[in-house]
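Chemist: These are the residues of each chain, in order.
There are 4 protein chains.
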Amino acid sequence: MQFLSDNAASVHPKVWEAMRSADDPQPPYDNDALSLALDDAFSALFGRPCSALWVASGTAANCLALAAMVPPHGGVICHREAHIETDEGGAPGFYTHGAKLILVDGEGAKLEPAVIDAAISGIRKDVHQVQPQALSVTQASEYGRCYQPDEIAALAHCAASHGLALHVDGARFANVVAFLGCTPWEACGGASTLSFGCVKNGGMSAEALVLFDSGLADVVRLRRKRAGHLQSKGRFMAAQVLAMLKGDLWLENAHAANAAAAELASAAAGRLMHPVEANEIFLNLAAAESEALRSQGFSFYDWGEGGARMVTSWNSNPAHVAALARAISAL
Amino acid sequence: MQFLSDNAASVHPKVWEAMRSADDPQPPYDNDALSLALDDAFSALFGRPCSALWVASGTAANCLALAAMVPPHGGVICHREAHIETDEGGAPGFYTHGAKLILVDGEGAKLEPAVIDAAISGIRKDVHQVQPQALSVTQASEYGRCYQPDEIAALAHCAASHGLALHVDGARFANVVAFLGCTPWEACGGASTLSFGCVKNGGMSAEALVLFDSGLADVVRLRRKRAGHLQSKGRFMAAQVLAMLKGDLWLENAHAANAAAAELASAAAGRLMHPVEANEIFLNLAAAESEALRSQGFSFYDWGEGGARMVTSWNSNPAHVAALARAISAL
Amino acid sequence: MQFLSDNAASVHPKVWEAMRSADDPQPPYDNDALSLALDDAFSALFGRPCSALWVASGTAANCLALAAMVPPHGGVICHREAHIETDEGGAPGFYTHGAKLILVDGEGAKLEPAVIDAAISGIRKDVHQVQPQALSVTQASEYGRCYQPDEIAALAHCAASHGLALHVDGARFANVVAFLGCTPWEACGGASTLSFGCVKNGGMSAEALVLFDSGLADVVRLRRKRAGHLQSKGRFMAAQVLAMLKGDLWLENAHAANAAAAELASAAAGRLMHPVEANEIFLNLAAAESEALRSQGFSFYDWGEGGARMVTSWNSNPAHVAALARAISAL
Amino acid sequence: MQFLSDNAASVHPKVWEAMRSADDPQPPYDNDALSLALDDAFSALFGRPCSALWVASGTAANCLALAAMVPPHGGVICHREAHIETDEGGAPGFYTHGAKLILVDGEGAKLEPAVIDAAISGIRKDVHQVQPQALSVTQASEYGRCYQPDEIAALAHCAASHGLALHVDGARFANVVAFLGCTPWEACGGASTLSFGCVKNGGMSAEALVLFDSGLADVVRLRRKRAGHLQSKGRFMAAQVLAMLKGDLWLENAHAANAAAAELASAAAGRLMHPVEANEIFLNLAAAESEALRSQGFSFYDWGEGGARMVTSWNSNPAHVAALARAISAL
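Chains as they are written, first to last, in my numbering: chain L, 1 to 331; chain F, 1001 to 1331; chain R, 2001 to 2331; chain Z, 3001 to 3331.
Just to be clear, a hint being listed does not mean it is correct.
Just so you have them, the derived chain Z footprint on chain L, three or more residues with Cβ under 8 Å [said to hold, decoys possible]:
#1 68-82
#2 109-122
#3 153-162
Below, a list of computed lysine-lysine pairs in the DSS-like style, where the Cα atoms sit at most 27 Å apart [said to hold, decoys possible]:
#4 Z:3125 - R:2014
#5 L:246 - L:14
#6 Z:3014 - Z:3246
#7 L:14 - F:1014
#8 F:1014 - F:1246
#9 R:2014 - R:2246
Looking from chain Z toward chain R, a few residues come up when the C-beta cut is under 8 Å (computed) [stated by the list, open to error]:
#10 3010
#11 3023
#12 3090
#13 3297
To be clear, the hints were calculated from the coordinates, so they are not data collected in a lab.
Glycine is no exception: its CB is placed at the ideal position from the N, C-alpha and C atoms.
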């Protein structure tokens, strides 16, 4: 009974189906009809013109976005626990050619305008200190916390007031929109770029990088190739992404994962480290308790001393979820 | 009737089948059983210990290899028409952090030791000139020419005599081994790294980077992550590669593509720009002749003025091949 | 009466004299007799074989050193207030091609083994997190604090135990050796590389990068050229450095600066933010007090709210120093 | 009797004098009065607003310029024998983060619009090939050839027609203006950036990077710091450059060097490999002839088989020049 990560879940049958339907030869790279349909599909989804490119990982999506927004001598403000800082193997440094991540704090791995203002006011405006040029926000945060539309709007306003472009890392963006019940644009309003996650949500190998700043598309297409991320049979990438959007499969999957997480959160109410809003549950769990759960067949990651992280997926087995909820309640 | 590129062909049914079989959740990234099986599978194939990693493109395979072999201040000797120079969007510069491609000439885009010796003797051994540290050879060459085992051995010897590591770009390595009838190792003997192509040969999105120099594996694994090429559901990548190896599917597919190319080559005997050894045909074709063929439904790329390139695939339709052969003969 | 920075002081007459003596043409770059004498001069100074190169700034010295010690995908542990982090305009990211500075805390901007151990134990040993490969220590620290020989030895031991190479940023290394009264090697024992500062200590434009790890010299020479730091009339750079070493001018100058700082420190005894060991004084100074001093003709930098930094030089005017000491006492 | 390089010549007395006059403390880096005067001095010289920064080498000047004009994924068209390609140790790759030098041919290392047009027309306008974004021209060329004002204008027009920015490497720009008798701007008209050489022309360690495109200055200032080229006692750099401009010392020195070269060229009239326009003489010289000259005390570089390069300087000894001229005539 697996609650390790949504990273490892199966591929949704509709995604498989779309990939199989794309098997007949088409022009290579991103010249196939499916890849060419992405801009329109995302423009419709977000209610505004944008460009969208498939890439093979969230790391690539995030870092291609940042590299297009920030020159090598610039900086990116992000949370100290942001994925780009902690878990991408230094990819931002590679893609941006050495731009600096400027780290700030915030509860639940969430950023607030006041913290950003303070960080910027501490930077001398001279050539000796790296000047920030972008803000990167993770929606949902690394602790599964969602920014409300007004919170995102405030961050976008803060960024703009400092001349920073806004990037949103949406590895679990679907779970956010499902939780908030808002429009996709409301969940990232003001962003120049959005990493729109699909792989954790029923996809296989395709994430979408959405560019709301029209000036970035040409550069990102060049840099995607330069990074070895322009796959020759790109139609299989586009097929995955389009299948996620079709009939709002992305939201359906996210609702399922969120519901499973909510069920676990209820059972763990007294021991939650963070409110559960998306599909991740961080809870206090003594070593003996963790062992007790594992001995019953549940797998999950430890989270520091006395903590644990459990993640649900679009296809978390309801019986497993119920069993885990009972087991937690019984601790 | 498509002869544009093997890049666009369908995915082989056995590859599809292997991917579907990998759908059940497994540990993410490359910790799944399939990814962990790659080292042994390629060690068996090449008859010597090696490491093998999946990546999403030949460009990524080539450039991760080069970056592991050459420091940023070094150089890579390659043919003036090598894919890394002409068609990878500057990816070698990105991955190696600015190392220099040192270009040399050679008939049929093939390299010879004497040319390499001459290039190196023209480089002053001081800090003002970039010092080469690797040699990159494309097997088959960009004009579909194969290096015989003794030619590869001579290049490997030449490289070693200058202290250069040897990289082999094997985007169509299967076609070479099928053509030469030698062992895989004989076709790249002496290489430190090999980009082992799968996508053009019936795969979907996975190439294999094979490292014969055991010291490189750890670095390449770190750099693959840093480049955003460590996919979270890596099992689908490994499944493709293993399916290609199983029962020598890779050779079977290559034989089929080569046979189709040979059939076209026979028909075009008097107008070949290069001997046809793998699955690419470069032929002299006047503009009117090209138009005549296209009007009969054949698609292919022009190759400069008065030339054309046709590429066959593992599943080139025999009827289409026969039709094209007849049409060329009839010109 | 200037106490802003030793960065702005005059050039020592003996340095001028040495430069003038180097005016006759010699082979360009670093092939002149003076440049060729550097290795021996520093080997004698440190009592062990080493290589030494001139460069035009401490930033270049630090970053050439780090780039030779750390691959692009690696990390450097340093203090959160280290000059390489706060005041080099992102140069470490440029020179190392995006390696990461891993920041730790410590009183007086000094590092301790326990803090380094803790930082490393918090890094997962996988490809998702950047792995440190070097430790950078500033001697004297950014707050003018010196590491005692046993403290440096403990840091070197700590670094070695984690497989890290040790870099010492010695922008004010002379002041340290003058303060400690130890040998130069004792003040940086175990370092692989040392940025040996001259410019703040009476030089004009030449710092020395000292390499105790013999394997690094060739790489650093290549990279110095690649960074545009191999000046064609290098003899004027070498002349400066050699003049500093001759007759221990470097120590004489540092003693003078330290003595001036000590005089100020006595006067400011009750309001020091840090013990004064080298030539920098950080003191609590209310806004009105700062204004009072400035109105008497003393120039210095504010240091946060209610603080000030004063720096003495090899040629701080004794009358000015005495006047400032009196003025501080009189506050 | 030294004719190896102007790189090694002495420093002009007026430059020494200006440096000595700058010895009193001033604000560090480029905040001193001399550094602040550079923009105006060069704006006056070129008759149009521009920014000017000192840097320590022509390599740094060239590469800071290119990096400001070309993104990492772009390309720079230059001559196959351009200094940036052959003699800067890969510095363009370092500074531009891997942009590509696109090499073209031309007699006397000079570029012509038709060659540039042809090179560009050979580049497919897709993401697979590196797209040029700048043109770099060496004035005088690597063989001492000058572009006439109309030739420079034609290159500038050609560059603009392709959307390329124009960089002029003017390591020996003074010799060009002295030779042509035109205005400085006519010798580089249309350039966005100019590396204005001083070191070969009587300076010690300061070159000037002149930016005619006002949008580049802020970026170049940030990148100069990031490259470790912002020296703390920058006033000594500015002093050198200003001394060169004062009273047209730069032209006076160049006239002297050119005159010496012309004297040698007359003597070598029948054996010149290139017309002598600046201060370099390339001549056919059999091995025995070279030996004969060397045995008479003349030092110079071989230039390939049967060739030699001789370079005159601002202070070439007239007696030595006359002696060499006689010796060549007597061969």
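Chemist: Hint by hint, note whether the structure agrees.
Modeler: Hint check:
1. Figure legend: the segment 68-82 of chain L, annotated as covered by chain Z; annotation consistent (3 residues with Cβ-Cβ distances under 8 Å, at least 3 required).
2. Here the segment 109-122 of chain L counts 0 residues with a CB under 8 Å from a CB of chain Z, which misses the bar of 3, and the coverage is violated.
3. By the rule of at least three residues with a Cβ nearer than 8 Å to a Cβ of chain Z, the coverage given for the segment 153-162 of chain L is violated, with 0 such residues.
4. This hinted pair does not check out: residue 3125 (chain Z) and residue 2014 (chain R) have alpha carbons roughly 60 Å apart, beyond 27 Å.
5. Taken as a hint, the residue 246 (chain L) and residue 14 (chain L) pair is honoured in the structure, with Cα atoms around 9 Å apart against an allowance of 27 Å.
6. Distance restraint check for residue 3014 (chain Z) and residue 3246 (chain Z): the Cα-Cα separation of roughly 9 Å lies within the 27 Å cut-off, and the hinted pair is therefore satisfied.
7. The suggested pairing of residue 14 (chain L) with residue 1014 (chain F) holds, with an alpha-carbon distance near 20 Å, which does not exceed 27 Å.
8. Pair hint residue 1014 (chain F) plus residue 1246 (chain F) holds up; C-alpha atoms about 9 Å apart against a cutoff of 27 Å.
9. For a cut-off of 27 Å, the pair hint linking residue 2014 (chain R) to residue 2246 (chain R) stands: about 9 Å separates their Cα positions.
10. The interface hint given for residue 3010 (chain Z) is met, as the beta carbon of that residue sits about 5 Å from the closest beta carbon of chain R, less than 8 Å.
11. Taking 8 Å as the C-beta contact cut-off toward chain R, the hint placing residue 3023 (chain Z) at the interface holds, the least distance being around 5 Å.
12. Checking residue 3090 (chain Z) against chain R by beta carbon gives a least distance of about 5 Å; that is within 8 Å, so the hint holds.
13. Residue-level restraint check for residue 3297 (chain Z) is violated (minimum Cβ-Cβ distance to chain R is 14 Å; threshold 8 Å).
Violated hints, listed in ascending order, are 2, 3, 4, 13; each of the other numbered hints is respected by the structure.
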